[in-house]
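These are the residues of each chain, in order.
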Amino acid sequence: METVAASEEDTHAEHHDHGLSDVGYIKIAIILGVLTAVEVATYFWDFGILEVPSLLILMVVKFQIVVSYFMHLKFDSKVFSYLFVTGLVLAMAVFAAMGTSMVFWQDPSGCDASSFC
Amino acid sequence: MTDVAESSTSQLAYGPTDWDDHHHLPTNTGLTNEKITMWAFLGSDCLLFGSLVSTYLLLRNRVGPSTRGPTAADLFDIPFTSVSSFVLLMSSLTMVLAVTSIQRAEMERCKLWLLTTAALGSIFIAGQVYEFTGFYREGLGFTTNISSSAFFTLTGFHGVHVSLGIVMLVTMWVLVSGGYLGPDRAETIEIIGLYWHFVDIVWIVIFAVVYLIP
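Protein chains in written order, with the working numbering: chain A, 1160 to 1276; chain B, 24 to 237.
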């Protein structure tokens, strides 16, 4: 009986060791804060041609950090990743469909759906 | 082997509820249905916000043929919104600390972090109300033009999500305070945390795409 109990404790401990420590989470939050500060800096200083790409990259990095560490997806079952990524891919497909239908597929008269003419 | 056999017999004798108490899940995947459901919901919510962000991006500079007025982008107060964004980002930290606290059976700390998270969320919502009020005074209402409708729909839906999250956090605080929620059900707090982090990542996208990208 003790063997099983010890095994259960090990499994229990292993289950909770998959995440970070509190200090680890605080470090992640500091990184996120710094990345946000860099994002805001693009508003005050001219980054030229790099502005939009850098903002998009920073956004993706912040998104990835929160999902991986705070939402625990990096350490959790792949089933959760599949569910979430499916939603993300579908969302991007919606964006692509709307973009192509409203911007690129213009009426031959030059009047597209989003210009209200 | 004898120990394992004894354990199996006793588990069968006590019935299915004891599986939950020991984190051995009687599901095919070994994952709780509640957590799978929350992730499925978050995946579907990506579609909702994906549609709203797409709509805003397509209509952000359009004021329509008969309506005029400023666009939201003309009135943004980036320093103010940056502070709001930082507050919401830090609420994700306090949320994850609430989850780790209850996993370690530190109930007082868990309650503190839950309340802190709810307070930070409330500060964010207060900031959004202040921002919307300022926009309205500047002549930008929900029906001013097609761009403002898209903006208020997107940020308003996000605000509603944050508000619902605050209600859930306060409910969790009440349940933990009343002793209805203990370390054995830490996953409940974790699932609420997933929702909270999701509203944070949605704001990460909105802040960059709507507010910062010119």
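Hints were generated in silico from the structure; no laboratory data involved. Quick reminder that beta carbons are idealized off the backbone N, C-alpha and C, glycines included. Treat each hint with caution, since some may be false.
[Said to hold, decoys possible] Pairs of lysine-lysine, BS3-like flavour, derived with a Cα cap of 25 Å:
no., chain 1, residue 1, chain 2, residue 2
1, A, K1186, A, K1233
2, B, K134, B, K58
3, B, K58, A, K1233
4, A, K1237, B, K134
5, B, K134, A, K1186
[What the hints assert, rightly or not] Computed footprint of chain B on chain A, listed as stretches where at least three residues anywhere in the stretch have a Cβ under 8 Å from a Cβ of chain B:
no., segment
6, 1181 to 1187
7, 1191 to 1205
8, 1214 to 1221
9, 1252 to 1258
[Unchecked claim] Per the computed footprint, the stretches of chain B lying under chain A, defined by three or more beta-carbons under 8 Å from a beta-carbon of chain A, are:
no., segment
10, 96 to 108
11, 149 to 163
12, 188 to 200
Hints, verified against the model:
no. : hint                : result
1   : K1186(A) x K1233(A) : 17 Å, holds
2   : K134(B) x K58(B)    : 22 Å, holds
3   : K58(B) x K1233(A)   : 15 Å, holds
4   : K1237(A) x K134(B)  : 30 Å, violated
5   : K134(B) x K1186(A)  : 22 Å, holds
6   : 1181 to 1187        : holds (count 4)
7   : 1191 to 1205        : holds (count 7)
8   : 1214 to 1221        : holds (count 5)
9   : 1252 to 1258        : holds (count 4)
10  : 96 to 108           : holds (count 4)
11  : 149 to 163          : violated (count 0)
12  : 188 to 200          : violated (count 0)
Against the hints set out earlier in the document, violations occur for numbers 4, 11, 12.
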